[in-house]
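Protein chains in written order, with our numbering: chain A, 1 to 292; chain B, 1001 to 1388; chain C, 2001 to 2290.
Hints are supplied without guarantee of correctness; some may be wrong.
To be verified - Which stretches of chain B does chain C cover? Using the computed rule of at least three CB atoms under 8 angstroms from a CB of chain C, they are:
| no. | segment |
| --- | --- |
| 1 | 1089-1095 |
| 2 | 1115-1124 |
| 3 | 1147-1157 |
| 4 | 1190-1196 |
Source of the hints: derived by calculation from the structure; they are not laboratory data.
Computed from a predicted structure; not experimentally measured.
All C-beta atoms, glycine included, are put in the ideal place defined by N, C-alpha and C.
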Amino acid sequence: MAEQLYNAVFIGSIYALFALGFALVFSVLDILNLAHPTVFMLGAFVALFAIGTLGLPWFVALAIAVLVTGLFGIVLDRVAFAPLRRRGAPALSSMISSLAVSLIVVRLVELRYGGDFITFPAGAVPAFVLRVGDATLEGIRLAIVVLSVALMVGLTYVLRRTQLGRDLRALAENPRAARLLGVDVDRAIAATFFVSSALGGLAGVLLAFAYNTLDSRMGVPLELRAFTVMVVGGMGSLPGAVIGAYILGFGEVASLVYLPTELRDAFAFGLLFLVLVVRPTGLLGQKSPDRV
Amino acid sequence: MMRRAAVGLVGVLLLASCGGGTATPSGNPATATVAAPKPDIKIGLATAKSGAANFYNPQQSNGAALAVDQINTAGGIAGAKLQLIVEDDGSVRDQGITAFRKFIEQDKVVAILGPTLSAVAAGAHPVAQAGGVPVIAISNTGLGIVGKCDYGPCDWIFRASLGEQSAVPETVKAATQKLGLKKVVIIYGDGKFELDDLTIFKEAFKANNVTVSKEIAYTAKDVDFAPFVTQAKGENPDAVVASSLAGPAGKILDEMAKQMPGKRVIGGNGLNSAALLPNANAGLIVVGTAWSKASTDKTNTDFVAAYKTKFGVDPDQFAAQSYTAMIVLADALKRSGNATDRAAVKKALEGVSSLATPLGPFSFTTDHDVKQPTFVMTVKDGQFTPFQ
Amino acid sequence: MDALFDFLRTYSTTIAVIGVSALLALSVWVTLYAGQLTLGNAAFMAVGAYVAALLGRHLDAPFPLALLIGAFAAALLALPLGAIVFRLRGVYLAIATLAFGEIVRVILLATPITGKGQGLNGIPPTTELWHIYLSLLIVAYVLWRVQGSTIGRAWAAIREDEIASASQGIAVGQHKLAAFVIGALIAGWAGGLSAHVTFSIDPSDFGFTKAVQVLVFAVVGGVPNVLGPILGAGLLTALPEVLRPLRDYRDIFQGAILLLVIIYLPRGLVTFVDVRRTRRLSRIGAVDVA
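Bound conformation, chain A alone:
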């Protein structure tokens, strides 16, 4: 039982780490960035390139991957979202343009690295092991658990207490008013995409390290989960996303232990559906959702 609890905490942390960046863009810009799974994957492959081709140590690779995916986020905005914003296109269009960018980036990665999963060169991945009594904790897994909570706290602090955070919240409320109030809207949007994508990239690298495996579609299974997590926690709330992630993680493991094995996957979506119908604001939703 203790083992399954530990498993659930770890799974919840993965979902949280992935969902944070996704939720950030949504909370500020009301955009569902369907390229987020691709950014996640890109982070892992940039790290692989840094380690495998450039021969750099893992922590340098991690830093490079976070930086590159952050910058990619800004490019993504310029290519896929900014032109649509400028034209006042319907919100749907931005979902499609982000899908289009994903299609291109995934294929580019496949042309370089193939479509099958691959591993890091032997010995390149950090392997700290912590011994607590007779249980062993792997450093990288511990890092994922700690980081998912730490980043949530840090981001919430930035949003609440700093000038950038105030700018972002003004932007989230009303872009036009924010501009009139002297907020540098373009800078704020760029910052949002940088942070969101850097978080996605970080999640990708850490997950690839934890499993020592990466492939061009590694972000896809997490996409629907991220929707669930955001809705359960409350769209637009970062602490909500993290809490939602742990609820989902625990729920999935519990349903594996207690439910008939084939219906396990129905749990996540049943939960999602139920929350939407009963309490669409989610657990910590601050903004009133678009509801009649």
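Got chain A; can you put chains B and C on it based on the hints?
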């Protein structure tokens, strides 16, 4: 802005054209020989160059291309050269069907190899069956590909890829004997391939008097496999069966090493993947395969050497199987008397018997299924080696 | 002439899939036109496909009857679902319908009669091209007429402003539900047709990817009129075949084309075909959706 976006796009496309590090198989190796006395014999290969199963390439196309080159260099089929036409099936059914139709209606091929996935074959094979064109399946291992098919008679379909019905019982028998199995747990995925494997594994264990004490399903969307292995551990089995594709199998191997050290992971064809070789815990694998790179048979050593010379990398099983299918087809074409008559080619294929191939002596059963040895393997020093 | 027949025979599946895609795009168009972003149509398609295929297999039901029952089964499922989820709007509605789609997929995966993950194989290829294109013609014509009718105007009004519409006496809930059920009916019909094109169906054919794909058809084509979804489905389904010669770079060009279309014609391809009229409409804000 318009211009900037356009420039950006051009940049992306340029990047794309430099990004390709993979070997492109030669589409029509025979087109250079203009003076061929007879028209080329056309053969279609439908294979997943894009989509979910794209990692079977370029190996799958390379294997067939190598065989075609060798056959043409050796003088072709009664003076006529082989021409291989490769089409992407996109890993999806409708594109696979269209590729088959194109081969049959436009290219007028004499036979077809492929497609890569069994789910795509379920749509594409009936087209060839209706059109009366011989097909050799080169990587479909599931149920209902040859013999008894859901769509009615499938006598135009042959299979050169060792089916799980043949490989899994051999694997289970060897594993039961050598590991003294009494009780196992099966962890399985929810796709067609994994469910077929589940069925076959359960029958094989029953035949060997081994109890399957628990079946645990995961879905294609699961990321972490620790909870599944923890569930299996609760049963205290002698070994765990991974009825899965290679990706999940890698994670199951790692969790097994952590949670149940010393216990082996028995698998189907999904575990027979070169991508698993670098895994630190690949030594736990027990799997039945259609091909062993280490096989010292001369046909095989020649094939491995020629492949490495031409493409610069070692072949894998998918290359060996598509190469074999082409050798088998060429043998039938030679014996058919008329290499453009599809019915004659089908009849000749039925007569293939103990042909020397990299997979070992090769024949077709009366169901048109492959009859060849199964190699029960494990992994040692990053290579598949016979399981002792 | 022979060449033409060769072409038709070779690409008959592609042509059939284009027609089915167009029907699906129209099914999602109905709700989009009423301003509702739903992603449940892949699931309705699955219901139509499985019901029709199973009726044919186990009860020897005549093909048109099987299709009809499949379509009505989908519509029947949409009725209670719509009543529940239409309290939500925008992204919430999209995610709720998506969750519904995933639940349907999981049920298909767990049910023996639907063949679980193995799906149903060996479905007879009963669907002829004219079945699909006649359906498309009828559906497009009916929707075109509906668009100009009182119901169509009510949908447009709801899309622009729900509260204002309600205050003018439009039964907002009923109209939204009607759009949803009609969409499900069309999607179910299209599903039944498509099951009898490719010999085989399995739950992975009707997942998240399909739901998004259908939406992309409609949005790329454009929502101002029924031509949009047909155009979008036609172009995007034909594209992989047209781009076949590009081999390894096919996905990249497809992505690039999709990006260019959505950036330069964000209101869809029909705005290119019918630029002047749409410009006038967009000035008065009549083509804004979702």
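Evaluated hints:
1. Given as covered by chain C, the segment 1089-1095 of chain B passes the check, having 4 residues with a CB less than 8 angstroms from a CB of that chain where 3 are the minimum.
2. For the segment 1115-1124 of chain B, the proposed coverage by chain C is satisfied: 3 residues have a C-beta within less than 8 angstroms of a C-beta in that chain, meeting the threshold of three.
3. Taking a C-beta to C-beta cut-off of 8 angstroms, the segment 1147-1157 of chain B contributes 4 residues in contact with chain C, enough for the three needed, and the coverage statement holds.
4. Chain C is given as covering the segment 1190-1196 of chain B, and this holds because 6 residues of the stretch bring a CB closer than 8 angstroms to a CB of that chain, at least three being needed.
The structure shown violates none of the earlier numbered hints.
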